[in-house]
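Given the sequences, and given the hints that come with them, work out the whole structure.
Line by line, the protein sequences give chains A and B. Position one of the first sequence corresponds to residue 1 (our numbering), numbered consecutively onward. Position one of the second sequence corresponds to residue 1001 (our numbering), numbered consecutively onward.
No wet-lab data here; the hints were simulated from the structure. In this text, a Cβ means the ideal position worked out from N, Cα and C, and glycines have one as well. One or more hints might be untrue.
Incomplete in silico selection of chain A near chain B, CB under 8 Å [claimed, not checked]: (1) F149; (2) L245; (3) V247; (4) I260; (5) I282.
Where chain B lies over chain A, by a calculated footprint (3+ residues, C-beta under 8 Å) [claimed, not checked]: (6) 231-244; (7) 264-273; (8) 290-296.
The list that follows gives simulated cross-link-like pairs (lysine to aspartate or glutamate, EDC-like), each with its CA atoms no further than 20 Å apart [stated by the list, open to error]: (9) K1216/B <-> D298/A; (10) K1240/B <-> E1213/B; (11) K1125/B <-> D298/A; (12) K1007/B <-> D144/A; (13) K1124/B <-> E299/A; (14) K1125/B <-> D144/A; (15) K1236/B <-> E1213/B; (16) K29/A <-> E196/A; (17) K1240/B <-> D1308/B; (18) K1157/B <-> D294/A; (19) K1124/B <-> D298/A; (20) K29/A <-> D265/A; (21) K1124/B <-> D294/A.
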Amino acid sequence: MVSSQPIPATRARSRMQRFFASEFFHNYKRNLSAVLGSLIVLGFLVMVTIGPLIVSQNPYDVSQLDLMAAFKPPAWLAGGSSEYWLGTDGQGRDVLASIVYGSRISLIIGLVAMGGACLLGTTLGLIAGFYGGRLDAVIMRIADIQLSFPSVLTALFLMSAFGTGLDKVLIALISVGWVVYARTVRGSTLRETQKEYVQAARVSGLPNRKIILRHVLPNVLTPLIVVATIQVGTFVLIEASLSFLGVGVPVTQPSLGLLIKNGFDVLFSGLWWVSIFPGLFIMLLVFGINLLGDFLRDELNPRLK
Amino acid sequence: MFGYMIKRLIQMVIVLWAVSVLVFVMMSFTGDPTFMMVPLDATDEQIAQARRILGLDESHLVQYWRFLSNIAQGDFGRSFVFRQPAMTLILERLPATLEIVFLAMVMALLVAIPLGVYAGANPKKPASRAVMAGSLIGISLPGFWLGMVLIFVVAVKLQWLPSSGRGPTTEWLGMRVSFTSWEGFRHLILPAITLSVGTLAILMRIIRAEMVEVMKQDYIKFARAKGAPAKVILFKHGLKNALIPLVTVFGLMLGDLIAFATLTETIFAWPGIGKLLVDSIYRGDRPVIVVYLMFVALMFVVVNFIVDVCYALIDPRIKIK
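Printed below as a string of structure tokens:
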């Protein structure tokens, strides 16, 4: 949230101080896996923001590619060159540079789709929980039906109907991802609307829209932090699966999953580095996100511990 | 109980109907299959004729009605590519998929139960933490990528196991299966391992969490107090109760396995329904996609029904609403 007024410096500092002194931060410091997870995620964020400036080439600018350098193994193997640490693919693309650009696309898809799913699911969950009745029944039945299908299969089916493309991947992911927010938010909304403060707001004549946005929404958000964190990882994996099957992102915007697919074609010739390294990076990214998610779940939803 | 079953059956029908609407809408508003059927230089008249044969010249409502009544009569349409009934194609390839799904499930249970129980019964031990870290890695890695690593290491480098295809099959209970011969079984191993890892990791976490809960219960304390041996407490009192919720995730597990079989089968060129689906998506073979979805939906719905009924039977504490 960007406030329209500048926050006074003293208040900002005290807020930071309060955070560092909080129990949350205390537990975080002592939790090795939480620190490791956030370091991994932070590393990826740094890599995708400033990485393109550092790597030697833009792998999708044809003029920068050198066909003579095709299929070079990683630097530490015989025939490798220090110019291409993780080797090159069939077009002479630096695998490391492809991974930097690919992580960027994977991460953007994961984050944007998570945002969309969260927005859609939270809205529907608030409506269902607050108003109840037929609208609630319809929304929740759709959610039930969708949950009886594995998300990968639903997304695969949607992509087969839509065709490939970055926007379509986002739509497919949002369509499979909203359900979990809707269910969580509906549950907590039902609980919150029973409480006195909502009753009081009602009695004082506030319009429903304001009650929902100002009073209910802030109180149902906490459990969503965990869901949202883990979902970014899930989305990265689903997107990778779709792209691997050739129904995800287009070849001009390769994600990590598409890099694996491209590498798979040459795997049998022994050129393992083209596909194995992108997979390792997916694993590392999702592992970091999951470590963080586990910690957040233990801290924010202690009931589930 | 009987009323509950009737209610669940009606729900099943509604779900299947909703899936049929969804499938129909998606399929009829995305692209036109006419151009799959006619040659590139077809005249307008030929195109119109093809549309008539496909029934595309009528309103969507009429088309949907025909679609539904055909399904009710067991006619799911013909594949554009194979010129065969789409259902026959699915049924032909189903045993191959069931084979790896079944083996993957057995592997997942065999590994996940002991490790999950151990980690749940001794949550503080370093080995338990290692198990949990391992399961987190299992959840985080793309299964298809693991399959590729296995192909590269086990099949290409070490040459211990075949890298793709199904191997020889024999007739068994009217299905063509490959686990009956050693060579066929060798082909099964890598795809099944690949498929099982994700499920195994999730299962391990569920069992551990259940076990942690169960070990806090009074009946465990009581068993300890009366001096029952640790093994009896762990397996007879602990495990038995921790496994009940596993029944509920069975449907979920099967769903995931079927879904991820599309990827596993693609990597290992395994001729199951998953690979058929992916190939059909590439070729725009719409009837096969539709049948696959309806078939899988039916399978999930039936399995979930059985699971719910079993759960109600196993655990009398569950009050049926």
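Outcome of the hint check:
Given the 8 Å rule on beta carbons, the hint for F149/A holds: about 7 Å separates it from the nearest Cβ of chain B. The interface hint given for L245/A holds, since its Cβ lies 6 Å from the closest Cβ of chain B, which is under the 8 Å cut-off. Interface restraint check for V247/A: the shortest CB-CB distance to chain B comes to about 6 Å, inside 8 Å, so the restraint holds. Interface hint at I260/A: satisfied, since its Cβ lies 6 Å from the closest Cβ of chain B, which is below the 8 Å cut-off.
Hint on I282/A holds. Least Cβ distance to chain B is approximately 6 Å, under the 8 Å limit. By the rule of at least three residues with a Cβ nearer than 8 Å to a Cβ of chain B, the coverage given for the segment 231-244 of chain A holds, with 5 such residues. For the segment 264-273 of chain A, the assignment as covered by chain B holds, since 5 residues bring a beta-carbon within under 8 Å of that chain's beta-carbons and 3 suffice. Closer than 8 Å: that is the beta-carbon criterion, and the segment 290-296 of chain A has 3 residues meeting it against chain B, so the requirement of 3 holds.
At roughly 18 Å between alpha-carbon atoms, K1216/B and D298/A fall within 20 Å of each other, so this suggested pair holds. Between K1240/B and E1213/B the CA atoms are separated by roughly 13 Å; this keeps the pair inside 20 Å, and the hint holds. Proposed proximity of K1125/B and D298/A is supported: the alpha carbons are some 19 Å apart, at most 20 Å. A C-alpha spacing of about 15 Å is found between K1007/B and D144/A, which places the hinted pair at or below 20 Å, so the restraint holds.
This hinted pair checks out: K1124/B and E299/A have alpha carbons roughly 18 Å apart, not beyond 20 Å. For the suggested pair K1125/B and D144/A, the alpha carbons sit about 39 Å apart, so the restraint of at most 20 Å is broken. Annotation: proposed proximity of K1236/B to E1213/B holds, straight-line Cα distance about 15 Å (limit 20 Å). For the hint linking K29/A to E196/A, the alpha-carbon distance of about 37 Å lies beyond 20 Å, and the restraint is violated.
With a C-alpha separation of about 18 Å, the suggested pair K1240/B and D1308/B falls inside the 20 Å cut-off, and the hint holds. Restraint check for K1157/B and D294/A: the C-alpha separation of about 37 Å exceeds 20 Å, so the hint is violated. At roughly 16 Å between alpha-carbon atoms, K1124/B and D298/A fall within 20 Å of each other, so this suggested pair holds. The straight-line distance between the Cα atoms of K29/A and D265/A is roughly 44 Å, outside the 20 Å bound, and the hint therefore fails.
A distance of roughly 17 Å separates the Cα atoms of K1124/B and D294/A; the hinted pair therefore holds under the 20 Å criterion.
The structure shown violates the earlier hints numbered 14, 16, 18, 20.
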